[in-house]
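Trainee: Quick note on the working numbering: the sequence shown kicks off at 74 and runs consecutively.
It should be emphasised that the hints constitute simulated quantities derived from the structure, not laboratory data.
Keep in mind the model is a prediction, meaning the values are calculated, not measured.
Among the hints, a few may not be true.
To be verified - Label-pair distances were calculated between CB atoms; the ranges are:
hint : residue 1 : residue 2 : range
1    : Ala382    : Lys224    : 19 to 29 angstroms
2    : Pro294    : Glu315    : 16 to 26 angstroms
3    : Ala382    : Gln459    : 48 to 58 angstroms
Stated by the list, open to error - No more than 30 angstroms apart at the CA atoms, straight line, and that leaves these computed lysine-lysine pairs for BS3-like:
hint : residue 1 : residue 2
4    : Lys165    : Lys241
5    : Lys292    : Lys224
6    : Lys93     : Lys133
7    : Lys219    : Lys191
8    : Lys415    : Lys334
9    : Lys186    : Lys290
10   : Lys158    : Lys298
11   : Lys219    : Lys192
Built from N, CA and C at the ideal position, the CB exists for glycine as well.
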Amino acid sequence: MDDRVAAVVKSRKSARGRKKLDRAVLCEHVSAVPVNERENHRKIQQASNTSSYLVQQLIKEGYMRRALRQTRPLLTASHRVARLKFAVNHVKLNGDGQYYFDPMFDVVHIDEKWFYVKKIGQRVYVLTGKDGTPLEEAPVQYVQSKRHIKKVMFLCAVARPRGDWDGKIGLWPVVETYITQRWSVNRPAGVEEIKPVSMNRTLARRMLVTDVIPAIKAKWPQDQKATLIRIQQDNARPHVLEEDAEVLAAGRADGWNIRLKNQPAQSPDLNCLDLGYLCSIQSLQSHTSPRTTEDLIKEVELTFAETTAETLNKTFLTLQLVMKEIMTNEGRNNYRLPHIHKDKLINAGQLPTTLMCDAEILFSAHSAIAMLSVEQIYAEQLRAAQPRPVSCAGQRPSPPQLIPQHQPSLLPSAFATSDLDPFLL
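When you get a sec, could you build the whole thing from the sequences and use the hints?
Mentor: Structure representation (structure tokens):
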């Protein structure tokens, strides 16, 4: 054996080098910057007097994460009261003394959505070498103008799936047909073509009478013909009023009982189409490459036929979760939707038809309705007491006097004037 000496290597980490900065101190510097101003690394670096490397390390080590600044509809006290009443009216008392949400088997949700031929700013992945040299070039999409990309609005109507019915009522393009007047390189004159249009009240009434209501009568289970069927829509200005004579006549024809019902204002989260079903259709449609308006209509209709009843059923359960969060947060829309892992429940065969609502949440929603109703009354009285603008004669009229009233007990006053179900009071 030769004369070799074994080297002893210390396992202890060397104490030399620059010391690691305390992450708690860095987080204090970042927390001093308002959240609205933390848009990118450079702004955080300049405002907190740190380096870009430290900002990246905070993200990498889990002290900071990227979040999306969401834009939600602005809600007033009246909006919150309407949202709370909508949610409370969908809670039913079961025979075992527990509160459950209405399964909503008697509701048809309708809504509109734009679908585009091309998508602007679509993200793709290209191959690069280990040294960063690009092996592929990112594709470039050429359009005449980003504001004039071909698009079509679709009216969709769905219901809760049940039995052997998938719950799909129909999907109709909002278009008009016309005869071409002039010759062009794309088509000759005198040819019938379709033109996408926006929704208006006349067109909405015509589509309800000729498309939606006949489709409901054709696809709805015939043993439930005598029950009240509600068509829920958002109360946008182009939509039809609830008491429209033509829609009422079409809904009552042939022994049916179909009526329109507006959802609360500023509440797109109370429609299952806005909660994800239309987005799932758009996600599948984005895999196609239509070139014309006719191709886009065919692709969207084919995608609507390919969506499963399971996806639609999950959106109705999501709607029940939304109503539960609305009652928990006093009618606000800044909640974080909890996940119940529906796919796992489906695989285990344990997906519920309806969700249970705690009695405490229900009673807190009643209290919130009472308090918000009182606030709304005082706000209206204060607005009425404000001085009016100067008249044409130059004399300022005297403002109306605010009549002092004794504040009644909150819960009885709100419950006496509310339109909630009697068994919930």
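Trainee: Now, for every hint given, state plainly whether the structure supports it.
Mentor: Against the structure, the hints come out as follows:
| no. | hint | result |
| --- | --- | --- |
| 1 | Ala382 / Lys224: 19 to 29 angstroms | holds (28 angstroms) |
| 2 | Pro294 / Glu315: 16 to 26 angstroms | holds (25 angstroms) |
| 3 | Ala382 / Gln459: 48 to 58 angstroms | holds (54 angstroms) |
| 4 | Lys165 / Lys241 | holds (26 angstroms) |
| 5 | Lys292 / Lys224 | holds (29 angstroms) |
| 6 | Lys93 / Lys133 | holds (15 angstroms) |
| 7 | Lys219 / Lys191 | holds (10 angstroms) |
| 8 | Lys415 / Lys334 | holds (29 angstroms) |
| 9 | Lys186 / Lys290 | holds (24 angstroms) |
| 10 | Lys158 / Lys298 | holds (28 angstroms) |
| 11 | Lys219 / Lys192 | holds (10 angstroms) |
Checked against the numbered hints given earlier, the structure satisfies every one of them.
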